[in-house]
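Residue numbers (this note's numbering), protein chains in the order written: chain P, 1 to 299; chain S, 1001 to 1316; chain D, 2001 to 2346.
These aren't lab readings, by the way, just hints derived from the structure by calculation.
Note that CB positions come from ideal geometry on N, CA and C, so glycine has one too.
The reader is advised that the hints may include incorrect statements.
With the Cβ distance kept under 7 Å, some of the chain D side facing chain S (calculated, not the full set) [as the list claims (entries may be wrong)]:
| hint | residue |
| --- | --- |
| 1 | Leu-2186 |
| 2 | Arg-2189 |
| 3 | Ser-2193 |
| 4 | Arg-2197 |
| 5 | Ala-2208 |
| 6 | Ile-2211 |
| 7 | Ile-2212 |
| 8 | Ala-2342 |
Residues on chain D that point at chain P, a partial pick, calculated with CB under 10 Å [what the hints assert, rightly or not]:
| hint | residue |
| --- | --- |
| 9 | Tyr-2123 |
| 10 | Ala-2138 |
| 11 | Phe-2142 |
| 12 | Val-2182 |
| 13 | Leu-2183 |
| 14 | Phe-2185 |
| 15 | Ala-2249 |
| 16 | Leu-2280 |
| 17 | Val-2283 |
| 18 | Met-2307 |
| 19 | Ser-2308 |
| 20 | Gly-2314 |
| 21 | Leu-2316 |
Pulled from the structure, derived: some chain D residues nowhere near chain S, Cβ distances all over 12 Å [to be verified]:
| hint | residue |
| --- | --- |
| 22 | Tyr-2063 |
| 23 | Gly-2297 |
| 24 | Ala-2315 |
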Amino acid sequence: MIADFDYQFFIEVLVGGLLSGVMYSLVAIGFVLIYKTSGVLNFAQGALLLFAALTFVSLVERGVPFALALVVTFAIMVAIGVAIERTVLRPLTNKPPITLFMATLGLSYIIEGAAQLIWGTQVHGLDLGIEDVPLEVGGVLISQFDIFAAVVAAGMVVLLSRFFRYTRIGLAFRAVADDQFAALAVGLRLPLIWATVWAAAGLVALVAGLLWGARLGVQFSLSLVVLKALPVLVLGGFDSILGAIVGGLLIGASEKLAEVYIGDYFGGGIESWFAYVVALVFLLIRPSGLFGQKLVERV
Amino acid sequence: MALSGSALGLMEASVYAPEVFARGLPASLLSGEQAEGRAVSVEPVAGPAPLLSLQGIGLSFGGVVALADIDLSVNPGEIRAIIGPNGAGKSSLINVISGVYRPDRGHIGLHGIGYAQVPTQRLARLGVARTFQNLALFKGLSVLDNVAAGLAYKVRSNFAGQVLGIGRSREERRDSLNRADQILDFLDLAAVRDRLAGTLPYGLQKRVELARALVAEPRLLLLDEPMAGMTANEKSEMAAFVRAARDRFATTVVLIEHDVGVVMGLSDRIAVLDYGRKIADATPDEVRNDPRVIDAYLGVASDNEALSRNEGRAGI
Amino acid sequence: MAAIPAEFSSAPVLPKWVVPVLLLAFAYGVVPLIGSSYLFEAILLPFLALSLAGVGLNILTGYAGQVSLGSAAFMAAGAFAAYNFNLRVEGLPLIGSIFLAGIVAAAIGIVFGLPSLRLRGFYLAVSTLAAQFFVQWALTKFSWFSNDSASGVIDAPRLSISGFALDGAVGRYFFALTIVAVLTFLAHRLVSSQTGRNLIAVRDNETAARIIGIPVLKTKLLAFAISSFIIGVAGVIWAFAYLRTVEPAGFNLDRSFQILFIIIIGGLASIRGAFFGAALIVVFPLALSRLGGFLLGDVFDSGVLDMSQRIVLGALIILFLILEPDGLVALWDRIRRRLLLAWQTT
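Start from the sequences and build out the full structure, keeping to the hints where you can.
Right, here's the structure in full:
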């Protein structure tokens, strides 16, 4: 039995899983950014991702150059983010977090509807110019596109963490994430920070939307990518970028491995729920998540 | 400390210890015990076995020491205050006593039974009730139902019986409403009986919390800053209610308070915490003159003021 | 009228039971006489099923404060369980199948409610998605549930109670109305009982509830069980009386969100709210399609309709959360009070 075990195949599956895990992480990071500043689980992140990808593709299809389309889409995403912050979240300040969550659920309906009303419902192909020829690395076949996606995602993570570590606004962001009232008290300009964070979340949505869109085609189901990111967040914690990364890798790898090695016992198709079960089982063993601090109950 | 050595014979912690303390004493006993409790406070030397005793309690959060080696004993019937500057560990101590936190070291003796962590879900049955620093009322329930909820631990009927209105559910409901109404009268809350708790002004909400804790006629009542954020008038009103509650229900009271003035007039004995350590534990008069206490409060203008203001009052 | 006491404006004149009884009398006595089959098939049957599901979810989310995004899973569990009990247990009356189906949904609800003992807020909300995906997957994957039907779409059994067939639109309406009325009455009793107050206590302040001796864990699981029972039965009505087919596809995530929207729009922690919300959710797409067709003509095709529905629905949710967090119920009560006041002063 053990002797029969195909290690090379195992590693291929594992690497494939880890690489798609990076893609999950990328979506999850969009959630974390918003959560850390506003305390909202922004369910509309998936709809934003769809909107970004759809806008970009439609622009390119209408003959707008690649780079310009990228800039225009990014500008639109920033505008949407700021508009959301102004019109939806600000009137709901001081409401329970779960109310805010439901508002973002409504928001996702609006954005999904608008995206398709504006750009149509047909499936668009998206070619980022990466040939998806398997690459052999150390005797293991790895999808070239997966590597590209992982590199881009990793680049995003580095960029964001540098931004938040070294810029003034980044420092302010971390202060807000720690204590909103204190940040307000020392005169940090919250609206500017919120706008920046929504812009960053918009950028993440754009990059994630392009990567996922290139893989799955740009279509309505793209917004369902959130459903892949949610277990990652449960596992890694809603407020931890590191958690989102490690959680994404764990979920990606275990999902692929499970699908290949135990999926058959379940009749296949387990990827729709497996990630949730992994996250839940993990939380039952370790309620504070991967990196979450032990929360002290304040009474 | 005169009392810390009292022979307790603490049994080692057992969450499943039998409930030896039946709730609610016969009314005839109440006045006697209450008188006794008062006597204790005047002459602490000849006290009976403490109702609550903490031994060597230590608690830290991720390296920050909240409580270090705290001993505390509370005699039946006394009003025991715990004071200290912000962050001294007062609330942590109440949370340890009510089982919300599990201390890293030490144990809590309640009615002579020792616990490593007090079982929160059985707290009411053990005759302990508490209020919270930040309002913890059930906003969506009426004042009456909030107070009646303080008797929820006694409910034996199941949901099916309640839905169909059979079994003991009707009787239970009638009984708990009666008792809640009595407490509302006692605390002068009858006028707001049917209001939603969340719609009351802050001071009244604090009082409703006291009512919810009192309705179970606890043997030990823990008050976590019952007067925080109140006006001077409301504070003295609240102090009067606390005293009246102790007198009427023979309840032992442990209270945390910022306002040293109020505490001095209200309590029988005062423990002073600073940076998680107990720096004094004596009668109000002794505490007031303790140089370590004065040191701890120096630089905290408002508390200093309170201290000196109280000195004037104590002279009366 | 001089005899009306001064507190009239704050308290309704009529005893509380009068309005529901009048509504029921109207629903049983008048509606069947005047309603068209379109009214029953397209409006009243889905309205009844969704209202009941809303009542169920409101117990869990509105009263006990545990947000669930997996309601459709419990509807599906109920529908398929009732189908299989009816199919496989010889001689079991339909009402027995429905009751057992509720029990099955409740049991599944308890299993997926277990995370609520350790998770709160968003973590719990996300974990309820596990129920959504798992149940839908299991029902699609294992053809035993749909009696090995090739398409996975199966005809619901014909409705009959003690030999009396309830096949027609009106018959199915009576069937649904009766079940909804009984369960709604019981739910109303529940939320005004000690258990109901415990639910609210756990929602409003879990720590305080635990400290005063409310059995928090038991209360949460009970909320999941009761809520899932009711939602499961709502699923049976949806499949047996409204669609007349049983298939997993209709019980998707969108359905779960729909039920959540019903209670947000109607009013959280209100039994009546579920009916208000369901009415709006059922009627508004029909109205929107009429309106759109009228205003825009051919441009307003089904695709555009679908998208504009999503947009308007999303906007409604946000508007309600911002402007009327207590939902249509609060709005209705305010309007009624104004009207009574106006009537009183004339």
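Verification of the supplied hints:
1. A cut of 7 Å between beta carbons decides the hint on Leu-2186/D: the least distance to chain S is about 6 Å, and the hint holds.
2. Restraint check, Arg-2189/D versus chain S: the minimum CB separation of about 5 Å is within 7 Å; hint holds.
3. With 7 Å as the threshold, the beta carbon of Ser-2193/D comes within range of chain S, its nearest partner Cβ sitting at about 4 Å, so the hint holds.
4. Because the beta carbon of Arg-2197/D sits about 6 Å from the nearest beta carbon in chain S, less than 7 Å, this interface hint is met.
5. At about 4 Å, the closest approach between the beta carbon of Ala-2208/D and any beta carbon in chain S falls short of 7 Å, and the interface hint on this residue holds.
6. Below 7 Å, beta-carbon pairs count as interface contacts, and Ile-2211/D has one with chain S at about 6 Å; its hint therefore holds.
7. The beta carbon of Ile-2212/D comes within 5 Å of a beta carbon in chain S, closer than 7 Å, and the hint placing it at the interface holds.
8. A distance limit of 7 Å between C-beta atoms decides the matter here; for Ala-2342/D the minimum to chain S is near 25 Å, and the interface restraint is violated.
9. Here the hint on Tyr-2123/D is kept, as its CB sits about 6 Å from the closest CB of chain P, short of 10 Å.
10. Interface restraint check: Ala-2138/D against chain P, minimum CB-CB distance 9 Å, threshold 10 Å, status holds.
11. For Phe-2142/D, the shortest C-beta to C-beta distance to chain P is roughly 7 Å, which falls under 10 Å, so the interface hint holds.
12. Nearest Cβ of chain P to the Cβ of Val-2182/D: about 30 Å, over the 10 Å cut. The hint is violated.
13. The beta carbon of Leu-2183/D is not positioned within 10 Å of any beta carbon in chain P (closest approach about 25 Å), and the interface hint is therefore violated.
14. At about 28 Å, the closest approach between the beta carbon of Phe-2185/D and any beta carbon in chain P exceeds 10 Å, and the interface hint on this residue is violated.
15. Evaluation of the Ala-2249/D hint against chain P yields a violated restraint, the C-beta minimum of about 13 Å exceeding 10 Å.
16. Interface restraint check for Leu-2280/D: the shortest CB-CB distance to chain P comes to about 14 Å, outside 10 Å, so the restraint is violated.
17. Annotation: Val-2283/D was flagged as interfacial toward chain P, and the flag is violated, the nearest CB pair being 18 Å apart, outside 10 Å.
18. Because the beta carbon of Met-2307/D sits about 4 Å from the nearest beta carbon in chain P, less than 10 Å, this interface hint is met.
19. Because the beta carbon of Ser-2308/D sits about 7 Å from the nearest beta carbon in chain P, less than 10 Å, this interface hint is met.
20. Below 10 Å, beta-carbon pairs count as interface contacts, and Gly-2314/D has one with chain P at about 3 Å; its hint therefore holds.
21. Against a cut-off of 10 Å between C-beta atoms, the interface hint on Leu-2316/D holds, since the closest Cβ of chain P lies about 7 Å away.
22. Residue placement check: Tyr-2063/D does not keep its beta carbon more than 12 Å from all beta carbons of chain S (closest about 8 Å).
23. Separation of Gly-2297/D from chain S is adequate, the least Cβ-Cβ distance of about 48 Å exceeding the 12 Å criterion.
24. Chain S leaves Ala-2315/D outside its interface by the beta-carbon criterion, the shortest separation being 27 Å against a cut-off of 12 Å.
The structure fails hints 8, 12, 13, 14, 15, 16, 17, 22 (numbered hints given earlier, in ascending order).
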